[in-house]
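Trainee: With chain V fixed as given, assemble chain A onto it according to the hints.
2 protein chains.
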Amino acid sequence: MIENKPKNAIYAQSGGVTAVINASAAGVITAFRAQNEHIANLYAAQNGILGVLHEQLVNTNLISNEQLLKLRQTPGGIFKSCRYKLKNLLENRKEYERLIEVFSAYNIEYFFYNGGNDSADTCIKVAQIAAELNYPIKAIHIPKTIDNDLVITDNCPGFGSVAKYIATSIKEAGYDLASMALTSTKVFILEVMGRHAGWIAASGGLAANNANEAPHIILFPEVAFDEQLFLAKVQQVVATVGYCVVIAAEGVKDKNGKSISAAENSKDAFGHAQLGGVASVLAKMVGDKLGLKYHYAIADYLQRSARHIASKTDVEQAYCLGYAAINYALQGKNAIMPYIKRVSQQPYLWEIDYAPLSQIANQEKTMPLNYIAEDGFHITPICREYLQPLILGEDYPSYSAGLPDYLTLELAIESKKLPPFSK
Amino acid sequence: MIENKPKNAIYAQSGGVTAVINASAAGVITAFRAQNEHIANLYAAQNGILGVLHEQLVNTNLISNEQLLKLRQTPGGIFKSCRYKLKNLLENRKEYERLIEVFSAYNIEYFFYNGGNDSADTCIKVAQIAAELNYPIKAIHIPKTIDNDLVITDNCPGFGSVAKYIATSIKEAGYDLASMALTSTKVFILEVMGRHAGWIAASGGLAANNANEAPHIILFPEVAFDEQLFLAKVQQVVATVGYCVVIAAEGVKDKNGKSISAAENSKDAFGHAQLGGVASVLAKMVGDKLGLKYHYAIADYLQRSARHIASKTDVEQAYCLGYAAINYALQGKNAIMPYIKRVSQQPYLWEIDYAPLSQIANQEKTMPLNYIAEDGFHITPICREYLQPLILGEDYPSYSAGLPDYLTLELAIESKKLPPFSK
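Top line first, the protein sequences correspond to chains V and A. Sequential numbering of the first sequence, starting at 76, is according to the working numbering. Sequential numbering of the second sequence, starting at 76, is according to the working numbering.
Some hints could be false.
Each pair may be met inside one copy or between any two copies, as identical chains are not told apart.
[Said to hold, decoys possible] Calculated lysine-lysine pairs in the DSS-like style (CA-CA distance at most 30 Å, straight line):
no.: 1; residue 1: Lys160; residue 2: Lys359
no.: 2; residue 1: Lys160; residue 2: Lys364
no.: 3; residue 1: Lys82; residue 2: Lys308
Since the hints were derived computationally from the structure, they do not count as laboratory data.
One chain only, chain V, in its complex shape:
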């Protein structure tokens, strides 16, 4: 290994993208440019960890300052992400050794992995194999996931913006229903992401300041779905309010833990499980059993890429976590994750701290039971108190010709230094 000259760093994006993961990238790159040449080059891997394995690296010095500003306001993962979980060290030691081989070839001392639970696990394993092979690495995990299911951190970057999008959308849909209910649609269902945890569904609850306001019903994956109770609740809401607005998490399950979505239970001809379909199942139930006119929407990817209505709080936290990652790395921290600490609730104040990845990887933060109303159909005041600050503030992108002016980037890949990798 080369000593006595500044080392390099790699940044990569992992898992499902968000509206603000690029804000974290912008934070990392900005902090890198601000530091005093302890890190010589900051490479970004294409397609997450795959880009490290296959040496698809770009030098972030090629990004202009103007592009860097635009990166902060761009949804998706600008360096491309991947759904690829490294197996454990016993099963696939070769991949981990390859990572170290690439690190060594590019003189990498700092590895920043920006993702959710799986990437936290990858990050800690990278630190472990490096230690075993006596390779000096600082592996830092930068949190990101709309699922909001990482432990220790107050919330996960990406979630606050989805929450703002869903709460805004359901509020707007409520205005539509209120206008039309007398002679048209009585029940509207919005299907949102969340297979195991109801965080996103819950966030829609912020739009309702009282029982008359949308959403009137929230269906969580955590609450066993009961058709009779659901239909009775819909009827009651329609009778009192005149219409009923429902948010349903895609992962709503019956009392046997089986998804109520027909589509999820079926696979396509190629064996892919196909998600989605909860809204249509619920809508048909409402139409068939109650005879009420219904409509439904499925937010799908729109919810996690809606940078146009990102939460300013979320953007700032994502940016600061990226920025902090560089500083922690320069302090010599390894196998850690910077996270958000809620300092005060009213006003909402937060700061960045860090925790060892061993306390974070392979843990899952589920919705506390006291966040869900007793009848299972809404959020509680304590849940609202937790969620409320996460959607605060707007952070509009700039526009060009009526559309958000998002960054497109075509960077040359570094010439390869190693033979191709095959498992």
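Mentor: Chain A only, in chain V's frame:
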């Protein structure tokens, strides 16, 4: 009839609501307040024409100036709308006579009806029956429809904001797909409104500046759907771009004019035709026949109520049309509609003019054939030129606690002057 004292006016909202119909209402009310007491009271009917038939009228003087400002930024129909088409004069003379009876009881000389094709028809019939009964009315139609299918006017208020929402959303989804395509979803389909006309689907095309950018395929109701051609196009796009983003109008039909949506062909237990389902049909096709991982979203009501990303051009036009309606009424115009005239394309300049309703009612503006690309899968440059200015500018609502601060209004209904109406 009472003469020699200022007369009153009624304003009502009709048909499917939009993100900007309340901006038209704000224009009407503001112009009313600015005029010199020619109109004594401006009433708003609740639930459109039903509120006139059943004497559900509120006095807009109860709306404060602060509320009026908020009205301009609020989606949905604040006075509530209705889906209720008056039959023709021969079939249901009683309803028309009741309208005149209510007009007379409230000393109404001015009737403003804010809606689409059906309400233009209602408006002209109101003028006809009033003339027949020698009742002095000025019936003015204020255009509104996301369908963009009214003739003469450059575009229809409500459409530009849907267009901006759809083009923004599909651009954002494109960034998501680009990030994930290597290891995850290859095909994304967004279902948008449009049963007969592809205006909304077309508007998504504004997001694509070249063949690599989303959306790659647009499916119009005007183009007979051919499964083989569609799948071949998807394959070709995935092969060249790496992923494929599709916009599908809900009204996509096969060569026999039959909807490709299974759901649309089925009715629920109560005989309601249920829309939606095009996206899931297309997605399943892509999964089953091409073996590509897919996702789909259904925008449904979110698209027409997304005031948070309204087009500034659209908001201003909606407001000015409402404002102009009062002025035309005071000039004694009857059975007319103020409309938008495109004065220049580059820069986009427009002005308000008016046309007789006889030239507008029961006409439908369909997509010109030269707006659709030769292969049927995208828009042409001339279509882009037409659509582009309609999404220009942002008109953000104010926010409170992280959510748009939309108006809620609880106004007392005027005490009734007539016996209840029954058909």
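Trainee: For each hint, tell me whether it holds in the structure or not.
Mentor: To see whether the hints hold, each was checked on the structure:
| no. | hint | verdict |
| --- | --- | --- |
| 1 | Lys160 with Lys359 | between (37 Å within a copy, 27 Å between copies) |
| 2 | Lys160 with Lys364 | between (44 Å within a copy, 28 Å between copies) |
| 3 | Lys82 with Lys308 | neither (61 Å within a copy, 47 Å between copies) |
When held up to the earlier numbered hints, the structure conflicts with hint 3 and nothing else.
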